[in-house]
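There are 2 protein chains.
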Amino acid sequence: MNLTQFEELYALLTGKNLKELKEILSEMPYPDIAEFIMELDDELDEEKLAVKVFRILPKDISADVFAYLDPDSQMLIVRSITDSEIGRLMDDLFVDDAVDFLEEVPANMVRRVLANTDKETRDIINRFLKYPDNCAGSVMTIEMVDLHDRLTVGEAIKNIRRSGVDKETIYTCYVIDDNRHLVGTIPLRRLLLNDEETLITDIMSDDEQLIYVRTMDDQEEVASIAKKYDLLSVPVVDNEGRLVGIITIDDIIDIIDEEATEDFEKMANLTPSDDEYLKTKIGVLAKNRIPWLIILLISSTFTGQIIEGFETKLAAIAGMTACIPMLMGTGGNSGSQVSTLIIRGLALDEIRVKDYFKVLWKEIRVSFMVGFVLALVNIVRMFVLRYTLGSDASTSVIFVVSFSIWCVVIVAKIMGCSLPIVAKLCRMDPAMMTGPLMSTVVDAVSLLIYFALANALIPNI
Amino acid sequence: MNLTQFEELYALLTGKNLKELKEILSEMPYPDIAEFIMELDDELDEEKLAVKVFRILPKDISADVFAYLDPDSQMLIVRSITDSEIGRLMDDLFVDDAVDFLEEVPANMVRRVLANTDKETRDIINRFLKYPDNCAGSVMTIEMVDLHDRLTVGEAIKNIRRSGVDKETIYTCYVIDDNRHLVGTIPLRRLLLNDEETLITDIMSDDEQLIYVRTMDDQEEVASIAKKYDLLSVPVVDNEGRLVGIITIDDIIDIIDEEATEDFEKMANLTPSDDEYLKTKIGVLAKNRIPWLIILLISSTFTGQIIEGFETKLAAIAGMTACIPMLMGTGGNSGSQVSTLIIRGLALDEIRVKDYFKVLWKEIRVSFMVGFVLALVNIVRMFVLRYTLGSDASTSVIFVVSFSIWCVVIVAKIMGCSLPIVAKLCRMDPAMMTGPLMSTVVDAVSLLIYFALANALIPNI
Numbered sequence: 001m002n003l004t005q006f007e008e009l010y011a012l013l014t015g016k017n018l019k020e021l022k023e024i025l026s027e028m029p030y031p032d033i034a035e036f037i038m039e040l041d042d043e044l045d046e047e048k049l050a051v052k053v054f055r056i057l058p059k060d061i062s063a064d065v066f067a068y069l070d071p072d073s074q075m076l077i078v079r080s081i082t083d084s085e086i087g088r089l090m091d092d093l094f095v096d097d098a099v100d101f102l103e104e105v106p107a108n109m110v111r112r113v114l115a116n117t118d119k120e121t122r123d124i125i126n127r128f129l130k131y132p133d134n135c136a137g138s139v140m141t142i143e144m145v146d147l148h149d150r151l152t153v154g155e156a157i158k159n160i161r162r163s164g165v166d167k168e169t170i171y172t173c174y175v176i177d178d179n180r181h182l183v184g185t186i187p188l189r190r191l192l193l194n195d196e197e198t199l200i201t202d203i204m205s206d207d208e209q210l211i212y213v214r215t216m217d218d219q220e221e222v223a224s225i226a227k228k229y230d231l232l233s234v235p236v237v238d239n240e241g242r243l244v245g246i247i248t249i250d251d252i253i254d255i256i257d258e259e260a261t262e263d264f265e266k267m268a269n270l271t272p273s274d275d276e277y278l279k280t281k282i283g284v285l286a287k288n289r290i291p292w293l294i295i296l297l298i299s300s301t302f303t304g305q306i307i308e309g310f311e312t313k314l315a316a317i318a319g320m321t322a323c324i325p326m327l328m329g330t331g332g333n334s335g336s337q338v339s340t341l342i343i344r345g346l347a348l349d350e351i352r353v354k355d356y357f358k359v360l361w362k363e364i365r366v367s368f369m370v371g372f373v374l375a376l377v378n379i380v381r382m383f384v385l386r387y388t389l390g391s392d393a394s395t396s397v398i399f400v401v402s403f404s405i406w407c408v409v410i411v412a413k414i415m416g417c418s419l420p421i422v423a424k425l426c427r428m429d430p431a432m433m434t435g436p437l438m439s440t441v442v443d444a445v446s447l448l449i450y451f452a453l454a455n456a457l458i459p460n461i
Numbered sequence: 001m002n003l004t005q006f007e008e009l010y011a012l013l014t015g016k017n018l019k020e021l022k023e024i025l026s027e028m029p030y031p032d033i034a035e036f037i038m039e040l041d042d043e044l045d046e047e048k049l050a051v052k053v054f055r056i057l058p059k060d061i062s063a064d065v066f067a068y069l070d071p072d073s074q075m076l077i078v079r080s081i082t083d084s085e086i087g088r089l090m091d092d093l094f095v096d097d098a099v100d101f102l103e104e105v106p107a108n109m110v111r112r113v114l115a116n117t118d119k120e121t122r123d124i125i126n127r128f129l130k131y132p133d134n135c136a137g138s139v140m141t142i143e144m145v146d147l148h149d150r151l152t153v154g155e156a157i158k159n160i161r162r163s164g165v166d167k168e169t170i171y172t173c174y175v176i177d178d179n180r181h182l183v184g185t186i187p188l189r190r191l192l193l194n195d196e197e198t199l200i201t202d203i204m205s206d207d208e209q210l211i212y213v214r215t216m217d218d219q220e221e222v223a224s225i226a227k228k229y230d231l232l233s234v235p236v237v238d239n240e241g242r243l244v245g246i247i248t249i250d251d252i253i254d255i256i257d258e259e260a261t262e263d264f265e266k267m268a269n270l271t272p273s274d275d276e277y278l279k280t281k282i283g284v285l286a287k288n289r290i291p292w293l294i295i296l297l298i299s300s301t302f303t304g305q306i307i308e309g310f311e312t313k314l315a316a317i318a319g320m321t322a323c324i325p326m327l328m329g330t331g332g333n334s335g336s337q338v339s340t341l342i343i344r345g346l347a348l349d350e351i352r353v354k355d356y357f358k359v360l361w362k363e364i365r366v367s368f369m370v371g372f373v374l375a376l377v378n379i380v381r382m383f384v385l386r387y388t389l390g391s392d393a394s395t396s397v398i399f400v401v402s403f404s405i406w407c408v409v410i411v412a413k414i415m416g417c418s419l420p421i422v423a424k425l426c427r428m429d430p431a432m433m434t435g436p437l438m439s440t441v442v443d444a445v446s447l448l449i450y451f452a453l454a455n456a457l458i459p460n461i
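Protein chains in written order, with this note's numbering: chain A, 1 to 461; chain B, 1 to 461.
A few of these clues could be false.
Same chains, same names: a pair is fine if it fits in one copy or spans any two.
Said to hold, decoys possible - Only pairs whose alpha carbons sit at most 30 Å apart, straight line, appear in this in silico DSS-like list of lysine-lysine:
#1 Lys354 to Lys424
#2 Lys167 to Lys227
#3 Lys130 to Lys228
#4 Lys158 to Lys22
#5 Lys227 to Lys130
#6 Lys362 to Lys287
#7 Lys362 to Lys424
#8 Lys354 to Lys279
#9 Lys167 to Lys228
It should be emphasised that the hints constitute simulated quantities derived from the structure, not laboratory data.
Let's have the full structure, built from the sequences with the hints guiding it.
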């Protein structure tokens, strides 16, 4: 929504021209209406106006708009409407949207909301709320088209026309037997392109082609299956193979974004969080950051000790101390270049654990090249510094530093490709494990290489 | 595909039991068949067997399987089949898949392939190949359902039944006028749930609700629109508003993954690349890494100079040098924690440039808290080191270091939230700009703060 649009709507709202506003809103896409309400609430602190807009929405679209609001605005709305309005709203929402909302609000609001929904909906919601976060059960919905396996194509289409309006998607239909076991899937497209008399069991995908997840499967698994097979929805079955829900492509896209965000956060040494930055309280932001910074601070004790052990010699050889940050930086950057590629490759299933030796062999060769080029650049850089800015690094120091760079790049690249794969092999999270371990180990190893080479190659130590 | 499945298929293939293999393959999902062919080609170097499998595929599915192969295996296949087979394959492929393939192969293969396609397909492909990378035109396809605006629902459904088999998706239909201008969209669902006699113009989404992109729009824009409005396909129009193609949700998911991967790579100081790690030659890997490492190496000259200027004093005060890596590390980590959150928030449209002051105010408060906690932890850490390992840092050094940590965290967090937003404001890439600038500036500022505090607070300098 652009500024002009917002201002037009705002003028109608404050000018009490509500009839025209209602007409315009009922023509607008739901996400845009939701955006308008959230802007009123968040940006202008006009809570009353936000609620007013929600209340003038035509009854048949208010649940759709509600699903697009963020939790803050959803809570605002629910606090301001009557008990019977809550009941109707929860009935109209798809189960996954209702559950998403209830997972974010305080317990007393959950109680009030559930008290005002009918028993059947309440039971379903309660069951869904029990699934652990991030498993298939917690993101699925129940509004799918399930067709009995005795139907013909014509009957199936009639069935969809009759009940389709309340389904989250009708584009993939799920075929079940008398005991609700999932026995096949059939895209609406295939129904439409076949004769009315055909039995759906004759044209459905079954056995080899039947793709589904179980309620307790990780949501990452759901996303990777949907991507691999280009599915518009993924069916979810319970332990007995009975169809209990589906996960639609819009939620799968949210999962993909969430999982990528989590990896970004882990790689930046943050405790991952599902909340949007601007909606997160500063106490929570601090809490997500402090533990990792403390771990890294304490682990830097190693590097400190290594330097202290070499302190008198550093003091004696001019120019050596000044190169420490550069050397450690080069090691850290070289390592994280590789580890990022590997972590991302593992996340996208482009790299597997069994590829380790291929990756290692690649990295050994790449690191020889990269390290060599950097060492050369550094020799030039340090000689230039000596003859222009009068840096006091001797020729032997320059060569020790440059040779150290070469070695450090090789070690860092080997570590950078090994740590994520080893973490994966040990069933740990590659993104989580690699960050802190990498910097600690590469830092310490860089210094040890540097000082060992100095001891060996600089005569006057 | 698991190992047993692979071995079964392999046994049939090498045991010359091709009839049974063909039957099994024709029941398998296309991505799994493609996986089987790629495993034969990549893992076992059984190129001939890979081609053999492709050749025994039923004619009506070979193009579908081809679209799921990676470029290497696609080239292998095309090199091994006859000219007329190539012609038929290109005819059967959706235009976007054909273009994807041709973008990856050498020029002589493009020429051979195009020479064997009919003129119409060739003209379309040539037009598509001209679109710049990463714009909507380069990822769209032309196999959409376009309905004339005079049709009724019944006629529209009949039309879809007749022509739907060749369309990439039939679930969203696009309504055009006599001049092919896009005038509305209508989901198949709405067609099915309305009466046969209804005019489609009466139930289509138009005006306010008409959502589309232009051929030259960035693919990121396409993904963000599809996400916001939960679309299964996004229509693409030319400068005159004529419908020229659609982008389907499976391609949009690829775009989402690609854009996230690019941001990962930029934040790890890599030149972003579209190629899978395992398929990238080591020369290219090295080329993507060296420039940024050189930039960072050269920019570390600043920190080196700052340390050299302070070298005699560092030599005089025990324990100060040992803390340099810890201090710079803490600054770098604190900064990248924030910049990662901001860059990701900007990419997902959760944070906008106008939110800058909100973000800044948040970070100032968070950094005071985080910095304070870290400073305390450091005081404890350094005193423990003194009394256990006999570290020779004096009490004043301990306090200078800890106070520096506090200041450095504050500066780093302010930089970390400001740089990405400023980059965005200047229409530069936040992920690309922040990495190198951050580490250079934060490193230098950390040292300046440290040495300034030491000068001011340690009496014997």
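Taking the hints in turn, this is what the structure says about them:
Taking the closest pair of Cα atoms, Lys354 and Lys424 come within 30 Å of each other only inside a single copy of the chain (11 Å); across copies the shortest separation is 40 Å, beyond that limit. Taking CA atoms no more than 30 Å apart as the test, Lys167 paired with Lys227 passes in both settings, with 22 Å inside one copy and 20 Å between copies. Proximity of Lys130 to Lys228 under the C-alpha cut-off of 30 Å is found in both arrangements, the shortest distances being 29 Å within a copy and 29 Å between copies. Proximity of Lys158 and Lys22 under a CA criterion of 30 Å is satisfied in neither setting, with 34 Å inside one chain copy and 36 Å between copies.
Taking the closest pair of Cα atoms, Lys227 and Lys130 come within 30 Å of each other both inside a single copy (27 Å) and across two copies (28 Å). Within a single copy, Lys362 and Lys287 get their C-alpha atoms only as close as 39 Å, which misses the 30 Å cut-off; across copies the closest is 14 Å, which meets it. Proximity of Lys362 to Lys424 under the C-alpha cut-off of 30 Å is restricted to the intra-copy arrangement: shortest distance 19 Å within a copy versus 36 Å between copies. Proximity of Lys354 to Lys279 under the C-alpha cut-off of 30 Å is restricted to the inter-copy arrangement: shortest distance 15 Å between copies versus 41 Å within a copy.
Within a single copy, Lys167 and Lys228 get their C-alpha atoms as close as 25 Å, and across copies as close as 20 Å, so both meet the 30 Å cut-off.
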